[in-house]
Every structure is written in C-alpha cells, then in structure tokens.
Amino acid sequence: MASEQVEEYLEAIYDLESRDGSAKTTTIAKCMKVAPASVTEVLKSLSDKGFVQYEPYRGATLTEEGKKIADTIKRKHRLLEVFLTDVVKLNQEKVHDQACRMEHTISEETEDALCRMLDAPAHCPHGSPISPCNKGVGSCAECNSAGKTDMPVAIRDKKIIPITDLDLEQKSRIAFIRGDCKVVQRLSDLGLTLGTTVSLLKKTPMGGPVEILVRRTKLAIDHAIAENIFIESPGPGET
Amino acid sequence: MSGCKECKSCPATRESTLKNADYTIALAGNANVGKSVIFNQLTGVDQIIGNWPGKTVERAEGLLLHAGKRIRVIDLPGIYSFSTYSMEELVSRDFIALEHPDAVINVIDASALERNLFFSIQLLELAPPMMIAVNQIDLAEKKGITIDTGKLSTLLGVPVVPTVAIRGKGIPALTNAITGLMQGHTVPPVLRYGKEIEERIGKIISLLGMVTTRYPVRWTAIKLLERDPVITQIVREQDPGIVETAGVLAGEIESIHGEPVCVVMSAERYQVADRIAAEVISLRAPGEGPQKKSLTDKLDAVALHPVLGYLAVIAVIGGLLVWTFLVGALVSAFLSGFLSQFEQYRPVISGPLMDILLNGAFTGFVAGITLVVPYVLPFYLLLAVMEDSGYLTRISVMLDRGMHKLGLHGKAIIPLILGYGCNVPAIYSCRIMETPKQKTLAAFLVTLVPCTARTVVILGLVAAFVNIWWALALYAFDILLIIVAGRIAFKTMPGESVGLIMEMPDYHVPSLSVVLKQTWARTKSLIWIVFPAYIIGSAIIQAFYAAGLLTPVNDLLAPVTVLWLGLPALVGITLIFGIVRKEMTILTLAVLFHTTNFAAIMSPVQLVVLALVSMLYIPCISVILVLGSEFGWKKALAISASEIVMAIAVGGIAFRLLSLVM
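These protein sequences, in sequence, are chains A and B.
With our numbering, letter number 21 in the first sequence gets 21, and the count goes up by one each step, no holes.
With our numbering, letter number 321 in the second sequence gets 560, and the count goes up by one each step, no holes.
In case anyone wonders, no lab produced these hints; they're calculated from the structure.
Keep in mind that the hints are not guaranteed to be accurate.
Taking lysine-lysine and the DSSO-like style, the derived pairs with C-alpha atoms no more than 27 Å apart in a straight line are [what the hints assert, rightly or not]:
no.	chain 1	residue 1	chain 2	residue 2
1	A	Lys218	B	Lys408
2	A	Lys89	B	Lys532
3	A	Lys171	B	Lys537
4	A	Lys218	B	Lys644
5	A	Lys203	B	Lys382
6	B	Lys408	A	Lys171
7	A	Lys218	B	Lys381
8	A	Lys182	B	Lys381
9	B	Lys730	A	Lys171
10	B	Lys644	A	Lys182
11	B	Lys644	A	Lys89
12	A	Lys44	A	Lys67
13	A	Lys218	B	Lys730
14	A	Lys218	B	Lys532
15	A	Lys203	B	Lys532
Put together the whole structure using the sequences plus the hints.
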C-alpha cells in the first residue's frame, strides 16, 4: 500500500475518532468514497503494520504510532493551508483540496522551513489548531537559529500539549513556548520559564482568558497566548 | 546627591516636583504588592501626582518628614522587569540609574517571593543604595509561608524590614532603616549567574573601560549581552566594536541554550531567585483533612463562573451607574438650588460686558460643582473600592473576549467604565494599556462613552420628554457604535497589539487611604482641566452670545441642523455651546425657548436626534485638551473631526428612520 494512501486513511480515522470516539468501517468508506469491503482490507493491513487497532463491527482507533503519523500529516496539511491562503493567496475553497495533495510529498525539512516562514501559526485558516513540531526546542527562536545554521535538532522525546488542554488543578512543566520574542520575554519575566511547573486554575467560556498558577502567582492569560504555551503531557496517574 | 543637576534631557522634572527636599528616595516593586499603601503611610496627604516628563506614565511623589529632614518620596510605577517591554520599565530604570536617588526601597510581596526577587535581583544590578520591605507578611503567614527576613538580608546584603503596610506595622522600622541607609551603606555582593554567562559578562566589562555611560558597568554589560536596544544604541555611539563583540557573545549563549538571550537571562535570574527563596522560606505543611478553600477561591467560583460571572458583571456595573445617577440627581438638585441663591443661574445676555462674563463664569462654576460633586465623585469612589478589592481584574477577565472584538483586551474595560463618569480621567487611565496603538484606540473609544454631562442631556431630553426606553435605546446604540467604531479603528490604525497577560491579585478589603487617593487622583484632573475649561469657556461663549453672533451662527449651521438633521434652527448654537460643556446644550435650549418643557417645542424624533447628536458629535473641549496632551494634537483633531462627521451622518440617518416609526 502506498504511503500516501496510508496517510490518507490515518487522517480520516483521526478525524472520525476525535468526532465519534472510533472510526466505523462504513463511515470511513463514505469519507474516502470507496466500498466498505476495501476499507476492511485496508484496516487489516494498517492493523498489521501496528498503526490502528481494529475490531470488526466496532471500528478502528489509532495506536500511538498511528497517531504520531496522523499528527504530522495534520500539521503539514494545516501549515500548507496557511501558506496557500496567506502567501499564495489561493481561493479559499481550493485550499483544502490542494493541501490534501501536497501534504504527502513535502519533507520534514520543508515543513520546518514553512513553519518558520509563516511565523509558527497556531491555527489553520479554518480555525483548527496546528500542533507544535516534534523538535526538542524550547521556543521558536531556537528553531530559527537552528534553521540558519542548518543545525540538526534532536527529536522531542515527550509528548507536549497546550496548557489550555490541561485539566483544572492539573500540574505540569513548561516545555515549549511558541510565539514572538516579545511575548516570550513578557511571560518569562512573569515567571513562565522553561521547565517551571505550572497548573491550570480556571478556564473562562468561549475562549476567554485562562487563569494559571506559577511560582505562587496567579496570572490571567489571553487564550490565544496560552494556547502557545506547551507543557509536558502529564501521565494519567499524575495530577 | 539628590536631583539631577546636569541632566538636560529632562528639564521638566523639576517643575512638578517638591522643592527643598534634603533627600530623594524611590519606591520600586511589582504591581499589587502594597507599594501605594506604603507610599501613603510614608508621605501622608502631601502628594503630587503628575506625569513623567514627555511620557504617558504616572508619577507620584510625596514628602516624608523624618528626624528633621525633608525626604522626597517617589512612587515608581509597578513593574516586573527592567526590559524595554513598556514605558514604565524604561522610566523606572532611568530614574534609578540617572537621577541617583539617595535610597531605593524595593517593596516585595511575601506571598510571591520568587517573582518579586526576580525584580529585586535586577534592581541590585542597578546598584542604588537599596533596602527591601517584605510586605503583607500576615497574608503569607495565613497561607503557611514564613520568611526569614534576617537570612534574606544576609543573602542579598541589603537591609530587610518585614511590614504589614495596610495596618501600619513595620513602618517606623522602615523609616529608621531608610535614614540608616542614607547615612551610609555597604555594597551588596554580586549575585552570580551560570558560568557561561559570567564569563561573557566579564569579557564585556573588560572592554567597557573606555566607554562612559551613566549606568553601572556590570549592568551595562548585562544589558549589552541581553541586546537591550537602548543601551546598545548608547554604547554603539562611542564604540561600535563592543556592541559587535557583545552580539557575538550573546549569539554564543543563544546557541548553548537554544533560546533568545533575554529569555536565557530571565531563566538565570529566576534560578537565583528560586535558590534564595528556597533558603528563606519555610512552608508550614497544610493541615490534615481536605484543604480549606481560600476566600479568593470561593469568590472566584462566582466571579469567574461562565453564567454567574457575567450576571455579576452586569449587576455590579449596572448597579454602579444606577446608584450614581439616583444619588447624583438628588444631590445635584440640592446643590444647584443652593447655589442659585447667590447668583442668577440663567445666562445673562444683555447689559455690561463684565456682568455677562462674570455670569458666564459663574454658570460654568455651578455646572462644574453640580456635575462633579454629586455624580463623578461618588462614581469614582465606588469604582476605586471595586478596583482596590481586586474585583475589577475579574471583570477584565470576563470581558476580555468581548474586548477582542474592539481590538483591545480585558484591561481596557477600566478606561471605558471610567468614561461614564468623565472622559478626562478615563483618557488618562488608558496608560494601563501596553502598546501605543492600544492606548490610542482605547482613548478614542472612551470619547464615545456617554459621560455624566452627556447622560444629563440624554435623560433631560429623551427620558423626561419621550420615555425611558428611548433613553436606554440610545445607550444600547452607543455600545453598538463603540463596537463598530472600535473594529474599524482597529483595522485602520497602524501599530501592534498584545493580548492580555495580567496578574490576578487575591481579594482583600479595600484600604481607605488607597481608595481615597485613587478617587482624588482622578477627580483632580477634573478640577485642573474641566473646571477651568468650564469657567473660561462659558464666559467666552456668553460674550459671543451677547455680541449678537447667535443668528449668523445658526444660519451658517442651518443646512446641517435644519435640512439634514431636521432640528429647529435655534439648536445650532446650542451644539456650539456643547463643545464647552455637553450639558450646556440643554441649558441654553431652555433659555432660548423660554421653557423647560422641551416636548412643547420639539417632536419626539427631534428630541431623540438631538440627544444622539450631542452624545456623539465631538468630545468636549476638556477632552480635546487631554487628548492633545496625551497623544498629540494631530490625533486629538483627527478623533474630533471623525466624530463630527460620524455624528452628523448617524443623526441624519436616525432622523429619517425614526420619522417612519415614531
């Protein structure tokens, strides 16, 4: 099976899983515009490769491995959408289809360069979040300087999530702050330096500011800024 | 050593400053640490609140009399760092480094020691004679935090005094320590950063031998390493080579840490702060059983609740406005009744010129008194209570999302609410916004907020003679207009905007002295700007009036007032009067038509249109003056002109639409 096809399937399962909890064969078939029988074939093969967990009649869910691939592809897709909209100024309706085809062919290096050129956007033109890259960097400035010197950057070993995705009262350590130097500077002046433990105290409705606790201080932070503060994903046991 | 005799860059400092002080000391520290309370405790009522020369940053100074000495106390703005993030930070660091105060008192919050020490470390680098007041130790104790102030003093090498400023505890010890500090102090030990940083600081220091700046050498070296734009510029003028070397060294640090150097330095400082804090803090283990929720947590469960929170905001702001106008109307009626015993309240338009001028000045004075005392004063008093209690920050958080629609963020709600009292202090308060764009945008929107004077017009014309619902509709329309105008201005204005990053202080019972001081600071701008403008403006306009310029002006304005807005021709002059004082519109109207029953002379549509136009057409002369002094005349005139155009356009459309329905 071609890698492009694998990625397309994983992407579809990713979307359906986040919508319905798991991806049913018939829904995947509808999505991919193919016959349910061929979906079953593909799912079996994906399951053999260790990308999905597949139980007949109940549907498929992504494994950690599968999720990683889907995440990368989604990131490429959304970055490309921003590029096609903001730089190439392509008609908004054509952006999605075009990105769908391009996402499978661009290299990781191109993906990073695209991210740097677009100043690490947080959302695609349709408003979906763009996940951070999997480089072991603490801020975008670090990536920028690495890009200039063509320095290889290690892959981040831990999974990171935006602070807004923490449960209330949950604690974790800051791993990466996306954004321009001024905001990063302001945040670090207020105590949000890399490796610092923070906890989420409160969220306000409709994407209002979030309240966090850092170094015994409570701060209210604009939702869009908070979304760019990434923390190590706390394991299920830690609270 | 006090003052800055050689400093030519800030000649205005001495104009607004206390004379004959023997010493000058400064209070520095984060926001919300009780710095203002300590300032009030030290200086009492003798305070001067003004601007830093040429900057839209508030400057407060007062006089402390101690041991026969006159000590000038400067309250520096509450800041978190000495970068160039905001004007407040620049002003503070330049004051300490260039004006050499005889002592700097760093007020820190005992409950958030790490973040406060982060600032203390930077202050130590500026190397003034310095001491620390660890404030609110009682609150920290309640949270189970005990601080060993003696140890802190040893570690930092400066005197440390524990205080509970709000109850006056520790203030005598503080004043004694200040006197001690001014008589002589030891140089505190340098707090060292990581090896790779110190090596590079050392290299830069060795190069700086031939360069003379008025900042301390080590501080200059650190700022060069941080690529501080201001310091880099100063050094580049003398020796561009050093700047280049510092840039290379900064680049090395960036490649070691993989972070912008300023962020590396913040992290380094926090490491030092964390280390010191860990040594001086002893935490009492939380008691057995489930943790008791603090009062702040309990209140925030309501104040930041997705439904209750908004209801609370509406109730509090609505209550504030209703209370103000109910109480205000009563007191205002009483005061004007009382004052009318002394002098004819109605405009005098014939007779000797002197009489006309005096009468004009007096009506201006009466108008000032009957607006400021009953409406604005109680409004600001209550608002200061809300502000000092900590609730205003919760309103900012709840309304942040809505403020985004205007291109602003939650903090902008403070100037907008203030605007309902009087636009003048509201425009001053736009200083709390971060970028020049956000400051200007907030000020522009403030001028669209109906102040007390405009509310008098709306109530007097519409609520009294049409009905209360049309008056409320005008208010609702105004809010809508603010949103639309805000969006347009946000899109068209150049400059950058930043999102909300704000500390959330714990709730506390407001301090009387802070509340009174805040109220006074805001009311004072009314007395110095609005009162004179009222009095002089009223006298001049009265003279014009008496000189028979009435009809020509009305004729001149007739195409707009009569043809486009559908108002009686006589209204033209009242709108001109309204530039001086908005509520003068209604006053002159009564005189010109010889009646206060406006329903007899104008149709409901005309009343609504007139109220609408006077609500929008131009900020009054006091506001234009303040806009000019804060943002420059170009912007002041641009705002005024755009509002005239908008008011005429909206008024004309409203006249045509309302004629269909009313």
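Verification of the hints:
Taking the CA atoms of A/Lys218 and B/Lys408, the gap is near 26 Å; set against the 27 Å cutoff, the hint holds. Using a Cα cut-off of 27 Å, the hinted pair A/Lys89 and B/Lys532 is violated, with the two alpha carbons roughly 53 Å apart. At most 27 Å may separate the alpha-carbon atoms for a hinted pair to count; A/Lys171 and B/Lys537 meet this at roughly 21 Å. For the given pair, A/Lys218 sits about 25 Å from B/Lys644 by alpha-carbon distance, which is consistent with the 27 Å threshold.
Proximity of A/Lys203 to B/Lys382 is assessed by CA-CA distance (about 24 Å); at most 27 Å being required, the pair is judged to hold. Of the pairs offered as hints, the one joining B/Lys408 and A/Lys171 is violated, with about 36 Å between alpha carbons and a cut-off of 27 Å exceeded. Between A/Lys218 and B/Lys381 the CA atoms are separated by roughly 17 Å; this keeps the pair inside 27 Å, and the hint holds. Between A/Lys182 and B/Lys381, the direct Cα distance comes to roughly 36 Å. Violation of the 27 Å bound is thereby established for this hinted pair.
For the hint linking B/Lys730 to A/Lys171, the alpha-carbon distance of about 38 Å lies beyond 27 Å, and the restraint is violated. Only pairs whose Cα atoms come within 27 Å are accepted, and B/Lys644 paired with A/Lys182 is accepted, the gap being roughly 23 Å. With a CA separation close to 25 Å, the supplied pair B/Lys644 and A/Lys89 stays within the 27 Å bound. Using a Cα cut-off of 27 Å, the hinted pair A/Lys44 and A/Lys67 holds, with the two alpha carbons roughly 17 Å apart.
Taking the CA atoms of A/Lys218 and B/Lys730, the gap is near 32 Å; set against the 27 Å cutoff, the hint is violated. Of the pairs offered as hints, the one joining A/Lys218 and B/Lys532 holds, with about 15 Å between alpha carbons and a cut-off of 27 Å not exceeded. For the proposed pair A/Lys203 and B/Lys532, the alpha carbon gap of about 18 Å is at most 27 Å, so the pair holds.
Of the numbered hints stated above, those contradicted by the structure are hints 2, 6, 8, 9 and 13, listed in ascending order.
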